[in-house]
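One line per chain: the protein sequences are H and F, in this order. If you want the numbering used here, it's the 1-based position in the first sequence plus 63. If you want the numbering used here, it's the 1-based position in the second sequence plus 1004.
Calculated from the structure, these hints are not laboratory results. Every residue, glycine too, gets a C-beta built ideally from N, C-alpha and C. It is possible that part of the hints are untrue.
[Said to hold, decoys possible] Computed footprint of chain F on chain H; a stretch qualifies when at least three of its residues, placed anywhere within it, have a C-beta under 8 Å from a C-beta of chain F: (1) 284-297; (2) 378-386; (3) 428-440; (4) 451-461; (5) 473-485.
[Unchecked claim] Counterexamples of contact, computed for chain H against chain F with all Cβ distances above 12 Å: (6) Thr87; (7) Thr111; (8) Leu129; (9) Leu186; (10) Ala187; (11) Asp209; (12) Ser223; (13) Leu246; (14) Ile342; (15) Val354; (16) Asp447.
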Amino acid sequence: MTAIPYSPDYAAPQTGRTTYLNATHTIRSWLLTKDHKRIGILYMISITIFFMIGAGGAALVRINLLTPAGILSEPAQYNKAFTIHGVMMVFFFLVPSIPATLGNFLLPLMIGARDVAFPKINLASWYLLIIGSSFALSAILFGGVDTGWTFYTPYSSTFSNTHVVLMIVGIFINGFSSILTGLNFVVTIHKMRAPGMTWFRLPLFVWAMYATSLIFILGTPVIAITLALVAVERLLRVGIFDPALGGDPILFQHMFWFYSHPAVYIMILPSFGVISEVITCFARKRIFGYVFVAFSSVAIAIIGFLVWAHHLFDAGISVYSGLIFSLLSFLVAVPTAVKVFSWTATLYKGSVSLETPMLYALGFIGLFTIGGLTGLMLATLGLDVHLHDTYFVIAHFHYVMVGGAIMAYLGGIHFWWPKMTGKMYPEFWGKIAAAITFLGFNLTFFPQFVLGYLGMPRRYHAYPPEFQVYNVLSTAGASVLAVGYVLPLIYLLWSLKYGAEAGPNPFRSMSLEWQTPSPPPTENFERTPICSQPPYAYDLQTPMGSPVPTAAAT
Amino acid sequence: MDMESPLRIFPDSAATQAWRTDVLFFFELTISVLFVLLIAGAIVYMALRYRRRSEDEVPPYTPSPAIIEWSFMVVPFGIMLIMFFWGGYLYVQDRRPPPGAMQINVIGKQWMWKLQHPEGPREINTLHVPVGRPVKLVMTSQDVIHDFAVPEFRMKMDVVPGTYTVEWFEATKTGEYHLFCDQYCGELHSRMVGRVVVMEPEAYQAWLVGTVPNEPAAVSGARLFQSYGCAACHGQRAPTLAGLYMSKVKLDDGRVVVADEYYLRESIIEPAAKLVAGYGPIMPSFRAQLTEEQIFDLIEYIKSLGLAMDTSVPGALPTGPETRPSTQPFNGYRPDLLPNQPPARQPPTYNETGGSPTRE
Chain H
64 MTAIPYSPDY AAPQTGRTTY LNATHTIRSW LLTKDHKRIG ILYMISITIF FMIGAGGAAL
124 VRINLLTPAG ILSEPAQYNK AFTIHGVMMV FFFLVPSIPA TLGNFLLPLM IGARDVAFPK
184 INLASWYLLI IGSSFALSAI LFGGVDTGWT FYTPYSSTFS NTHVVLMIVG IFINGFSSIL
244 TGLNFVVTIH KMRAPGMTWF RLPLFVWAMY ATSLIFILGT PVIAITLALV AVERLLRVGI
304 FDPALGGDPI LFQHMFWFYS HPAVYIMILP SFGVISEVIT CFARKRIFGY VFVAFSSVAI
364 AIIGFLVWAH HLFDAGISVY SGLIFSLLSF LVAVPTAVKV FSWTATLYKG SVSLETPMLY
424 ALGFIGLFTI GGLTGLMLAT LGLDVHLHDT YFVIAHFHYV MVGGAIMAYL GGIHFWWPKM
484 TGKMYPEFWG KIAAAITFLG FNLTFFPQFV LGYLGMPRRY HAYPPEFQVY NVLSTAGASV
544 LAVGYVLPLI YLLWSLKYGA EAGPNPFRSM SLEWQTPSPP PTENFERTPI CSQPPYAYDL
604 QTPMGSPVPT AAAT
Chain F
1005 MDMESPLRIF PDSAATQAWR TDVLFFFELT ISVLFVLLIA GAIVYMALRY RRRSEDEVPP
1065 YTPSPAIIEW SFMVVPFGIM LIMFFWGGYL YVQDRRPPPG AMQINVIGKQ WMWKLQHPEG
1125 PREINTLHVP VGRPVKLVMT SQDVIHDFAV PEFRMKMDVV PGTYTVEWFE ATKTGEYHLF
1185 CDQYCGELHS RMVGRVVVME PEAYQAWLVG TVPNEPAAVS GARLFQSYGC AACHGQRAPT
1245 LAGLYMSKVK LDDGRVVVAD EYYLRESIIE PAAKLVAGYG PIMPSFRAQL TEEQIFDLIE
1305 YIKSLGLAMD TSVPGALPTG PETRPSTQPF NGYRPDLLPN QPPARQPPTY NETGGSPTRE
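The following block holds chain F by itself, in its conformation from the complex (with noise of 0.2 Å):
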């Protein structure tokens, strides 16, 4: 964004919803200019052609016909049934993230922005990006409600806690624009601010490659998954998670849900609430143990896993130290068959006054 210009009256546009959205606009403001001229002007006129000449002046009765009150209502409406359609299209493209886009994890808490990427790189308050490529955001709040506004991309949505809401865009044009909460969170809301940083995509992969490492979340998740004993059952006494990720999931009660973020983090942090067909609610709920972090990082676990592999035998991925508590039966929430000890990975830390860890 163009800073040091000291007034603006429109801001840049540098995604692909940004124009959608400005030509709508537009349309309804050439629409709003032309009723507002038009009430304003035949105000001024009727008062100024019919204004009292003297104080006795009884003006004679008019008909109000019919044909012209439902004229009032049938004109406007369609203008706006115009308005309704044009811009449900566009909500409903903002909401329905393409396949294939990149995802980045988003945490907002009191008041800062966590940002994660699925190579790896954690950042804070700063979102790098490549140009030209869709990029899919899966939020949650830690605390409050907040809210990932990017005003230049024309993106706004809530990050509710207990939750995750999703949005999307395609920067088109490499620069730094204002990341914003647009929903008030407390004492330092206007400082919950940050910026995204559009690159090039070879800038882009140069940047990842640059940042201090960070283990990919798929990674960690895998740790916590054995740290946490899940292997235990899941396979066995409990559902398989290899190829579950976006799969269609039959459930007891004979509705099928398909398996995104939103039910893989409900099952996690409340097993009961979405029984699969043929698993009794054996698996306790994990809402007291797990961060928002390292459930995103179970989360992108259980989507490396892909199609037809064995959750049994996490493959290639490093292994933790065994946690797994026992083999016994496993009947309903038993805490002492839970790890005693922390999981063996530490989540990673930050600055936690702000600043990427990146090395610009």
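Chain H extracted, bound-state conformation (with noise of 0.2 Å):
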């Protein structure tokens, strides 16, 4: 091995060291910066901000939703906060969550590259994403939408008197920031590659994202046109999906959810490119089987775009199309669980440390496991016609997207805190957090399978007396829910000025991103890395508590 001894003083603090922080100081340097990192910054600060408005959605559906009559005095402002809650969340947090803010910071550091290929393309995406969430914040501060972020037809085009083409319009414009992002990230690795990173060297995170990148791509387009098509329906009166103009209501459920099923990939992929790095970083392991796993993502990402049919079920397809798409649900279902018992058999004669972020991917598994299995359910012919548009899906898609993806950020942005900022998160104060959001989610949630069995249907602002109970209980478990998210929110700001210094290397990981400083310099590494190693070849560390970098300075 051409490997180079780790150097105990690079691992001390290094006072006065120019940084990617630290560099220039100017708020102007900040909006013109080309520099991955600081673009990964801009994203995670723009995204905070839009989650805390979906919240603020998701608070008054809970709070209407605790009395049967409904709390809210008006259906319309209910439809309102549920469409806030969707379209915010969906479009302008979940979307960009993990690829634009950690893929953003990290990727380029994992494949030892000083940026990614086009920076000042990625620049834009970010300029994109605050353009088109002005457009919608402002559909917001007009009166807002009712029609829910699925903008289902002929409802969204003859029928809402809201402002749904300005949301539209928003939506339309941030799609670009998608599909700028993925093509950067696609190019930068195919081409930006240190020496040595071979494709079966590199990091699961970045698989994820390189099939995160291909959604964004072929799937962000059908979206952006299928809303111009609703706008233009809108505007101009052509008929296009209401019957009443000649047009097929049912093609915008095509159309949409040919985007919109393969984007719960998107939201998803880069969890699990996530969890891969937490799981292997804190059990000393090598990803078990890294191939099977590396190529689930891409199965995903290719399968995940023969499935949309699966939400049209009971929209009156026919019963050859219901068993087509049903099988084709199914099979989608094989990799991710491939995923599933590949990161839970990686803990076997590992060395397993249950540090903050090993909880949130710990966690992770358990709901994402839960929220796969209810999927089969829904996936199953007979079962989907009792609980499809029900709470059983609500529950279903949360499981997923709150207690997968925002887990796997929140876990991410732990992991990565401390090469981000330099500065270590209170530990005990993280694994509260992860408890409390654990505990949280399960109390919001795990009602609302029942109340879905039960019947009760989505979107509504009213509700028969004996749902009462699981929706009180739902709402209970949303507020401790919310202590979860605050918390890290408060420590994190906190640790900024308070916390520990981190050492380029605190969880003793083998990945690329771990050997330089922390924060790192503005062009990431000081020689150029060389890749001389597989993958979390963490029975390669040498045991004297001094990892082997896999890069080797020459």
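Mind assembling these two chains? They're in different frames, but the hints should get you there.
Set out below in structure tokens:
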């Protein structure tokens, strides 16, 4: 091995060192930065704000449902609240969450590159997000939208009296942010890998980013066109989706879900990448079945494009298309099962340390497993006839999106916080927050499975009194969950000033991003790293406590 | 349904497909619980058994045999195939009403349900049905997409404007059950609810007799048929309608289709879409003239014509005012040949604020 031994003074806090954070100080230097790390931070700040707006919508929804008659006096207010929640969370938080923050920050570091392939386009992507979100926020400020985040026609195109077009313009513009980010990542992964960083030495997070980027590039144009057609029908009365104008309302659902189901994988594939990194690091093990796990991401991205009509089993599609899309939906569960089993098997004979990121990761596996298994029930045609459009579906996709994607996002933020800021998060409070999030999440969403099987429909402002018990439980759980989300916000900001110095590699990870100081210098690595080892080769670590860097400076 | 009970964890079963659905649900629930226990148990066990004992611990390399990876794929997929075939079998049953099912026509509109019995009664938001008899719902919407769902029947189907969707059930237990609109349809979506009242057959008959008398749909349809002058062509320049329902129709492009409700509706509002072999595209669209209820009435009339009856003489059915305007050659769409006066019979008037026109 050509590796140079780990030098102890490299690990010591290096005061006075120039990092990407202190290289320049002006606001202008941040707003015009082409550094992928700073752009990642810009994304993180913006989507945290979007998350809070979306969470505000969720709070209104949960408070309203405390009583059967609905606490909000007007049903229209409730309809706008769940639309704000859905649109902000899906299009402006979950889709950019891991790819645009952690992905932007980590992808070049992980493959030993200086930056992404197109730094200016990367900055443009962030501005597109900001412009798009301005339209969406102005739609909310001018009075809101009441179509739900799914914009089903002909309600959205000819019936709703709210600011649908403004919202659509926002999502349309934001779509270009996704497309450009995806393009940037694909080119970066193909062209910018460090010497020796072969495809099968890539960290699994990079594989996940690659699969996500494929969906960004191939799927996002379809939603953009679909929503543009809704706007055209709304503004010009051209019959596309409304049968009264000669259109076909189900066509919209086909086109919408052709993007929006793969979009579910945009939200969850990056999480898979985070979990693979965290589990291997805190078990000090190679991932079980690297090639299977890597290709399962790509398989999910590809098969994910072929399952859209499972949202239409009860929309009047033919029995035969129902059967085909049911089978394909089960098929996409196979690579997902591979991941869950492989993560679990990775713990075998490992050295397992239950620090905060690992708690989030293990919590993720539990919640995602429940989300996935209930997904099988919904893919089962005979059961979907009962469960579709009820709270069972709500519970299912929150187990995947919140229990999965947000747990992984928070786990990833904790894991890479020392790398991003150079400071450690407070471990005690981290564990408390992870536990509260897990508990609060289950309290919020498990009752909704029961509600769903009992038949409570989604998007109801008022409901029959026998459903109240479960709704009160769910709202109580949501307030616990809120504590779990506010805590990290407080102590992570606190740690910026008061946190302990992290050093370059506090978790002794083998991955390339940890083989450079924390926070990294603007150019990422002092010298171009050379990769000489398979990924996650923790068994090659020297027992003295000094990991051998996978990158050897030559 | 037992509305008094404060805490239910499982819905009542009140239709034949309810228990079939529940059996499959409990099968999948068992599998799911087993897998969750397996994975959670393995994680907790290994997190404790292999917990890090010293900071410098370096665990050994363990191989990941491909056979285990393949089993991670093959075993779950095998179990999923059972779910797929079982669920698919139920779906096919849910989607194929048995022949001879009693038909109820359903129209959804923001934000109410209009329900029409073949014998005449028309209801709002409340559907009376007999127990133990298959009921087929032929549904359409007047505005946006709705969804007719009855949780106690484990039944649900979108109600889509511009087309017909079909679902069916056979109630097994008398009582009152929730009817929900399950597809978001605008401001008062959560108020688009009603109830399904399942009655003993005798009670149902008594209810039918006791309702405010409504004209059977076929009679209303016959009147429409005459007032719009349909008989001027059908049977002569246009295909005869006797015995048409559910028969096989040969189209001019060579296809053969079954003349179900969907086909009949399409042929009324978009006649050129499926032209019968040997006939020209002479019929105008009635999209703008007819409400969804009137289309249902016309279809009921066509169905009532049964087999081998001459449509040019609508037999014993009551005749409305003669509005057939002319017998001159009819070449394509001639608005002047359509009746100028409104149809002889207005659609039945409802108490639009809700409530069923029954004498309960």
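Exercise. Please flag the earlier hints that this structure goes against, numbers listed from lowest up.
Key: Hints 1, 5, 11, 12, 14, 15, 16 are the ones this structure does not satisfy, whereas the remaining hints hold.
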